[in-house]
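K.L.:
Chains A and B, in that order, give the protein sequences. Read in order, the letters of the first sequence are residues 82 to 287 in our numbering. Read in order, the letters of the second sequence are residues 115 to 367 in our numbering.
Warning: the hint list may mix true and false statements.
Just so you have them, the derived chain A footprint on chain B, three or more residues with Cβ under 8 angstroms [claimed, not checked]:
{"no.": "1", "region": "160 to 169"}
{"no.": "2", "region": "255 to 264"}
{"no.": "3", "region": "310 to 317"}
Which stretches of chain A does chain B cover? Using the computed rule of at least three CB atoms under 8 angstroms from a CB of chain B, they are [what the hints assert, rightly or not]:
{"no.": "4", "region": "166 to 172"}
{"no.": "5", "region": "184 to 197"}
Keep in mind that the hints were calculated from the coordinates and are not lab data. By construction, the Cβ of each residue, glycine as well, lies at the ideal position given by its N, Cα and C atoms.
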Amino acid sequence: MAHIPDAILSTPVLVTGGLVSASLLAAALRRLDYDRVPQAAVLSAAFFVSSLINVPVGPSSVHLLLNGLMGLLLGWTAVPALLVALILQAAFFGFGGILVLGVNTMNMAVPALVCALLVAPWMRRLPAGRRFWGGFAAGSLGVLMTGLMVALALGLSADAFTPAAKVLAVIYLPLALVEGLITATIVGFIQRVAPELLAPVESAHA
Amino acid sequence: MSGARLPSPQTQGWIAARDPRLRISAALLFALVTVSLDQIPATLAAFLMAAALASATRMRLKDIARRLLALEGFMLVLLMTLPFTVPGNPIIGTGTLRITDAGLHLAGLILLKANAVVLALLALVGTLEPVVFGHALARLGVPEKLVHLLLMTVRQIHLLHEEFLRLRQAMRARAFVPRSNRHTWRSYGFLIGMLLVRSLARAQRILDAMRCRCFQGQLYLLDSRVWTPRDTLAGAGFAAVLVSLPVLDRMTR
Numbered sequence: 082m083a084h085i086p087d088a089i090l091s092t093p094v095l096v097t098g099g100l101v102s103a104s105l106l107a108a109a110l111r112r113l114d115y116d117r118v119p120q121a122a123v124l125s126a127a128f129f130v131s132s133l134i135n136v137p138v139g140p141s142s143v144h145l146l147l148n149g150l151m152g153l154l155l156g157w158t159a160v161p162a163l164l165v166a167l168i169l170q171a172a173f174f175g176f177g178g179i180l181v182l183g184v185n186t187m188n189m190a191v192p193a194l195v196c197a198l199l200v201a202p203w204m205r206r207l208p209a210g211r212r213f214w215g216g217f218a219a220g221s222l223g224v225l226m227t228g229l230m231v232a233l234a235l236g237l238s239a240d241a242f243t244p245a246a247k248v249l250a251v252i253y254l255p256l257a258l259v260e261g262l263i264t265a266t267i268v269g270f271i272q273r274v275a276p277e278l279l280a281p282v283e284s285a286h287a
Numbered sequence: 115m116s117g118a119r120l121p122s123p124q125t126q127g128w129i130a131a132r133d134p135r136l137r138i139s140a141a142l143l144f145a146l147v148t149v150s151l152d153q154i155p156a157t158l159a160a161f162l163m164a165a166a167l168a169s170a171t172r173m174r175l176k177d178i179a180r181r182l183l184a185l186e187g188f189m190l191v192l193l194m195t196l197p198f199t200v201p202g203n204p205i206i207g208t209g210t211l212r213i214t215d216a217g218l219h220l221a222g223l224i225l226l227k228a229n230a231v232v233l234a235l236l237a238l239v240g241t242l243e244p245v246v247f248g249h250a251l252a253r254l255g256v257p258e259k260l261v262h263l264l265l266m267t268v269r270q271i272h273l274l275h276e277e278f279l280r281l282r283q284a285m286r287a288r289a290f291v292p293r294s295n296r297h298t299w300r301s302y303g304f305l306i307g308m309l310l311v312r313s314l315a316r317a318q319r320i321l322d323a324m325r326c327r328c329f330q331g332q333l334y335l336l337d338s339r340v341w342t343p344r345d346t347l348a349g350a351g352f353a354a355v356l357v358s359l360p361v362l363d364r365m366t367r
């Protein structure tokens, strides 16, 4: 539900999304050494595969966004990783579109960066047994902020979309709770099995 | 959980013979032109054009339908609300709950346009081998680091999907059935966590293997795609047909 199709958003929204995503991407690529490309690729492939799991929620089923967790684990690298996933999903699976790629990337990447820059340092200060709260915060924040940004993109494009934007915003609430619970489990698991994954990204590759 | 694999193209026909760069640029141009249309006849023409492209690739109808359906979840919310919310002449209903002609028009436009863009994208780009797609992006000026990330991700998706299926099968062997409850969500959390932990170990092995092969922090893109006169011809023909769409749009206004 986070993939906005083409032909819906207005030109100013599309241009804004494109510019924001392009500058975030430039900043992220500058920070990414070629040495870290394999690790980033494997993790983004893992996220890609995980986001295809059908998670039952109530009568329906959803896919996870995982952008909050990507922010926690990948830091700035989450931006190109998310863009790659969105390109592949658009070109080969029919999710989203071409011209909206910038907006879709922005909607996913900005929450991921918020998690990377605000939630991750807070989580690392928590005692090991309580770090799953960082996972819960990142998972639910990622979905909530993405939902909010999708709704904003719609609402700013045309007045007629406002009701649809409100419906979407409401749909995202239970999703945020489920994604928060799952991300908390993931982070708790990683903390016990491979805590080095949760260490700051810069020192991890020294 | 279906179709996590990226497709390996089994397509033939004249589209498959064209240069990947041409196909990517054509899809982009098609999207730009289609989105700018605002009359139903021209939009319908664009949709038919995309459908013609898709049928020229001889993709299976079932595959196309499944991918178009991926789009409709979002569309459903929009299409349900738009006919009621756009001001215009009411057709059915009274008071605040009425369907207007302008609303139906806008909903129809969006439905046609979005599907046309996705159809053209699937036909022109979706039938490319993902690796070829990555190389073509690099030739079109996409940053090389991003292309390397894309290429390696594509390769790893196959491998990690197999890893995922193994883990999932182990869960099934222990009689796990996904339901809407905390147990399922926790189990999926462990599943994804395990996938991530294993993928990190895999990444370390890959980097070691690359170092063994003299990796020095620089990768090279090797491909040998030559632009032929036929590509120029096909590009010119496509552009000519594309230009007729906005012309038709003006004429029917």
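K.L.:
Confirm or reject each hint.
P.N.:
Going through the hints against the structure:
With 0 residues bearing a CB less than 8 angstroms from a CB of chain A, the region 160 to 169 of chain B misses the requirement of three and the coverage assertion fails. Using a Cβ-Cβ cut-off of 8 angstroms, 6 residues of the region 255 to 264 of chain B lie near chain A, which meets the minimum of three, so the contact claim holds. For the region 310 to 317 of chain B, the assignment as covered by chain A holds, since 6 residues bring a beta-carbon within under 8 angstroms of that chain's beta-carbons and 3 suffice. With a cut-off of 8 angstroms between beta carbons, the region 166 to 172 of chain A has 5 residues touching chain B; three or more are needed, and the interface restraint holds.
Against chain B, the region 184 to 197 of chain A contributes 0 residues with a C-beta closer than 8 angstroms to a partner C-beta. That does not satisfy the three-residue criterion, and the hint is violated.
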